[in-house]
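Asks: In case you want the letters, here they are:
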Amino acid sequence: DTGVSQDPRHKITKRGQNVTFRCDPISEHNRLYWYRQTLGQGPEFLTYFQNEAQLEKSRLLSDRFSAERPKGSFSTLEIQRTEQGDSAMYLCASSHQNSGLYNEQFFGPGTRLTVL
Amino acid sequence: QKEVEQNSGPLSVPEGAIASLNCTYSDRGSQSFFWYRQYSGKSPELIMSIYSNGDKEDGRFTAQLNKASQYVSLLIRDSQPSDSATYLCAVTVTGGGNKLTFGTGTQLKVEL
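Protein chains in written order, with my numbering: chain A, 1 to 116; chain B, 117 to 228.
For the record, the hints were derived by calculation from the structure and aren't laboratory data.
Backbone N, C-alpha and C fix where the C-beta goes; we use that ideal spot for every residue, glycine too.
Among the hints, a few may not be true.
Unchecked claim - If you only want the chain B side, here are some residues facing chain A, beta carbon under 8 Å, derived:
{"hint": "1", "residue": "G145"}
{"hint": "2", "residue": "S148"}
{"hint": "3", "residue": "S159"}
{"hint": "4", "residue": "L162"}
{"hint": "5", "residue": "Y167"}
{"hint": "6", "residue": "L204"}
{"hint": "7", "residue": "N214"}
{"hint": "8", "residue": "K215"}
{"hint": "9", "residue": "L216"}
{"hint": "10", "residue": "G219"}
{"hint": "11", "residue": "T220"}
{"hint": "12", "residue": "G221"}
As the list claims (entries may be wrong) - Subject to a maximum C-alpha distance of 30 Å in a straight line, what follows is the list of computed DSSO-like cross-link-like pairs (lysine-lysine):
{"hint": "13", "chain 1": "B", "residue 1": "K225", "chain 2": "A", "residue 2": "K57"}
{"hint": "14", "chain 1": "A", "residue 1": "K14", "chain 2": "A", "residue 2": "K57"}
{"hint": "15", "chain 1": "A", "residue 1": "K14", "chain 2": "B", "residue 2": "K158"}
Kindly produce the complete structure, drawing on both the sequences and the hints.
Replies: This is how it looks when you write it as structure tokens:
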């Protein structure tokens with residue numbers, strides 16, 4: 001399977017706990033994005049990496065959220081002190097810098113987070 | 117005003133008909149435009165990309181872009197029940213850091 005992979009696919013946690021999600025992009029893609037999607041809404045941008053550099057973070061991203069991509073390959077998204085409002089599908093996407101004007105982004109299967 | 121607007125639907129079409137999905141955007145700096153298909157409980161799947169005015173065809177799908185009127189549409193010919201899904205319109209904006217800005221999606225139902 002050469003697509004974007006995410007782990008875990010589902011996570012149930014109690015309010016106040018920390019959670020960490022992993023994303024492995026398509027192997028030759030150097031750009032990696034995190035989005036969040038709630039029911040009835042389109043995905044909402046959270047943050048974006050080019051290689052290992054985090055180039056943009058959404059103003060909506062609270063300081064409880066942190067993302068890393070230490071070697072420019074896989075990325076992790078950590079949420080500290082989870083709240084019920086964090087319940088959502090967390091989506092990872094990747095693209096290649098040299099894909100031209102399109103910069104087509106391909107999504108992984110997502111991690112569904114439920115905070116009780 | 118939302119940056120990307122779509123009618124939430126549901127849009128119901130009979131099998132074999134043409135489904136027409138529309139999207140408007142507010143930022144004239146929008147550069148590239150995408151249509152994603154999303155089945156219930158699944159992640160978005162890219163089906164069409166367009167950045168020049170006019171039509172772009174791929175199989176049963178045609179994307180249409182009109183930058184002067186700030187709209188982009190998706191036509192699905194010979195609609196099949198398997199096309200029943202939510203269709204998300206997304207744009208990237210010049211200087212927007214390559215991020216996608218999505219509409220809320222239009223639910224399409226293809227009826228037998």
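Asks: Give a verdict on every hint.
Replies: Here is what the structure says about each hint:
no.: 1; hint: G145; verdict: violated, 13 Å
no.: 2; hint: S148; verdict: holds, 6 Å
no.: 3; hint: S159; verdict: holds, 4 Å
no.: 4; hint: L162; verdict: holds, 6 Å
no.: 5; hint: Y167; verdict: holds, 5 Å
no.: 6; hint: L204; verdict: holds, 5 Å
no.: 7; hint: N214; verdict: holds, 5 Å
no.: 8; hint: K215; verdict: holds, 4 Å
no.: 9; hint: L216; verdict: holds, 6 Å
no.: 10; hint: G219; verdict: holds, 5 Å
no.: 11; hint: T220; verdict: holds, 5 Å
no.: 12; hint: G221; verdict: holds, 6 Å
no.: 13; hint: B:K225 / A:K57; verdict: violated, 36 Å
no.: 14; hint: A:K14 / A:K57; verdict: holds, 26 Å
no.: 15; hint: A:K14 / B:K158; verdict: holds, 24 Å
Violated hints for the displayed structure, listed by number in ascending order: 1, 13.
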